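Student: Chains as they are written, first to last, in the UniProt record's numbering: chain A, 1 to 239; chain B, 1 to 239.
Treat the hints loosely; a few may be bogus.
Note: identical chains are not told apart, hence a pair may lie in one copy or across any two.
List time: in silico EDC-like cross-link candidates among lysine to aspartate or glutamate, alpha-carbon distance up to 20 Å [stated by the list, open to error]:
(1) K209 <-> E14
(2) K209 <-> D48
(3) K209 <-> D93
(4) K108 <-> D185
(5) K108 <-> E196
(6) K209 <-> D228
(7) K108 <-> D97
(8) K108 <-> D131
(9) K209 <-> D97
(10) K108 <-> D48
(11) K108 <-> D96
(12) K209 <-> E156
(13) K209 <-> E104
(14) K209 <-> D82
(15) K209 <-> E180
(16) K108 <-> D199
(17) K108 <-> E156
Derived from the structure by calculation, the hints contain no laboratory data.
Please read these numbers as outputs of a predicted model, since none were measured by experiment.
Protein chains: 2
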Amino acid sequence: MPNPTAAMLVIGDEILSGRTRDANMHHLAGQLTGRGITLGEVRIVSDDHDAIVGALNALRGGWDHVFTSGGIGPTHDDITADAVGAAFGVPVDVRDDARTLLAEHYAKTGADLNAARLRMARIPQGATLIDNPVSVAPGFTIGNVHVMAGVPSVFEAMVASVLPTLTGGAPLQSTSTRIERGEGDIAGPLADLAREYPDLAIGSYPYQKDGRFGANIVIRGDDRARLDAATARLGTMFG
Amino acid sequence: MPNPTAAMLVIGDEILSGRTRDANMHHLAGQLTGRGITLGEVRIVSDDHDAIVGALNALRGGWDHVFTSGGIGPTHDDITADAVGAAFGVPVDVRDDARTLLAEHYAKTGADLNAARLRMARIPQGATLIDNPVSVAPGFTIGNVHVMAGVPSVFEAMVASVLPTLTGGAPLQSTSTRIERGEGDIAGPLADLAREYPDLAIGSYPYQKDGRFGANIVIRGDDRARLDAATARLGTMFG
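Chain A on its own, in the form it takes in the complex:
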């Protein structure tokens, strides 16, 4: 059975403007790979209702799971919950269990559960909450869409809450071999190797360091023996 697939939707003007460098995508990619879930596509859109709704509907139809990050805080530019509601055609309202979580938390910290904070208890109808051990305001799962915060520490905590609830696949195994020769010299033999091992994915990732070109050859697959055989063959090819 092929591994489950996933897509990610990053909602964030701050990444598109170059102000912030994404961290959540890289974190999620590593976590999914470790769990045997294949991340197949990522989209980054701005804080725009129609853009979020359009991307969500495209992604949730094409992949087993969709993970979103960003836009579920208390400020006026946090519009993800409403966009998710619109994508699923369900109303979004303050929900008692989410309100209770926030009320208990702010009673402890002495902060006021004002109208802005109460926005974080607005959950699309039919969703289940995602636990947020860092700052309490929950994420939520609706259908195959998991909606999480953009602050990296909170995003990571929510990923840790969600992943154990998902059915993973066989963790994809990989080897990485660094070859200090230009890709043009290794491309021919590498193509032969790829033909010899059609069950493995063989990728060449060139780099430049100190003015010299080389490539990391990454071989991926789920059969350890085949993986080791192909990697050994690669070693004999390029000594």
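Model the placement of chain B on the given structure of chain A, informed by the hints.
Tutor: Relative to chain A, chain B alone:
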């Protein structure tokens, strides 16, 4: 006149697997912002022909410019040129001017212009070449799509070759104000400020540091006086 818009398509299994953290997107985002071109969407897809063709056609219809990174090297997994040709419905073949560039370069370095390297001279019909001062093998522009390499040093050099040829807009100006209070406390006044300055984009980017929550408030616009007025108002709001 509104600023020109752009999208980016990153072609890269290595980013989706979590092996590599993207650098090109962050670089391009900053460069475009500085030139007054609005980056509106990014997609990351795997080294898959249909995925690249589909994303390219969606993006080139929706944005003024599309920048791609990755998949134009000499190895078997470099399939971007063929996918671009398929998206535009034009043939892809070794082109004399590109072959000459490579032949001269490899004659100097003593490397062989073998079949693999010659793949890098395969250019979709009707494209113009993008100069690559780092490693010579060119990128290309076809229609509104700019096709560039994935190695960051080469990508950055190609961006520097392309950007001066594009018509930019008024560089978007912005201010960033750090407020060391939770978003829930600042959300109400901030929404008032956004209503007072509907011509500016006001974003709140929460962070957590040493267990304390705060937010960077970024105000963007093209009228410096309005920007300064709103930023001063923000300062008086939160002292």
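Student: Would you mind marking each hint as holding or not holding in the structure?
Tutor: Comparing the hints with the structure gives:
1. When the C-alpha separation of K209 and E14 is checked against a cutoff of 20 Å, the pair qualifies only between copies, where the shortest distance is 18 Å, while the shortest distance within a copy is 30 Å.
2. Taking the shortest alpha-carbon separations for K209 and D48, neither the intra-copy value of 40 Å nor the inter-copy value of 28 Å comes in at or below 20 Å.
3. Proximity of K209 and D93 under a CA criterion of 20 Å is satisfied in neither setting, with 54 Å inside one chain copy and 31 Å between copies.
4. Taking identical chains as interchangeable, the C-alpha atoms of K108 and D185 lie at most 20 Å apart only when they sit on different chains, with a minimum of 16 Å there against 64 Å within one chain.
5. For the homomeric pair K108 and E196, neither the shortest alpha-carbon distance inside one copy (63 Å) nor that between copies (34 Å) is at most 20 Å.
6. Taking the shortest alpha-carbon separations for K209 and D228, neither the intra-copy value of 27 Å nor the inter-copy value of 43 Å comes in at or below 20 Å.
7. With identical chains, the CA atoms of K108 and D97 are at most 20 Å apart within one copy only, with a shortest distance of 17 Å there and 71 Å across copies.
8. In this assembly of identical chains, the alpha carbons of K108 and D131 lie at most 20 Å apart only when taken from the same copy (18 Å versus 61 Å across copies).
9. Taking the shortest alpha-carbon separations for K209 and D97, neither the intra-copy value of 54 Å nor the inter-copy value of 28 Å comes in at or below 20 Å.
10. Within a single copy, K108 and D48 get their C-alpha atoms no closer than 35 Å, and across copies no closer than 51 Å, so neither meets the 20 Å cut-off.
11. Only within a single protomer do K108 and D96 lie at most 20 Å apart by alpha-carbon distance; the minimum there is 18 Å, versus 72 Å between protomers.
12. With identical chains, the CA atoms of K209 and E156 are at most 20 Å apart between copies only, with a shortest distance of 15 Å across copies and 32 Å within one.
13. For a Cα distance limit of 20 Å, the shortest separation of K209 from E104 qualifies neither inside one copy, at 54 Å, nor across copies, at 23 Å.
14. Taking CA atoms no more than 20 Å apart as the test, K209 paired with D82 passes in neither setting, with 47 Å inside one copy and 28 Å between copies.
15. For a Cα distance limit of 20 Å, the shortest separation of K209 from E180 inside one copy, 10 Å, qualifies, whereas the shortest one across copies, 41 Å, does not.
16. For a Cα distance limit of 20 Å, the shortest separation of K108 from D199 qualifies neither inside one copy, at 56 Å, nor across copies, at 39 Å.
17. In the homo-oligomer, the alpha carbons of K108 and E156 never lie at most 20 Å apart, since the shortest distance is 24 Å inside one protomer and 50 Å across protomers.
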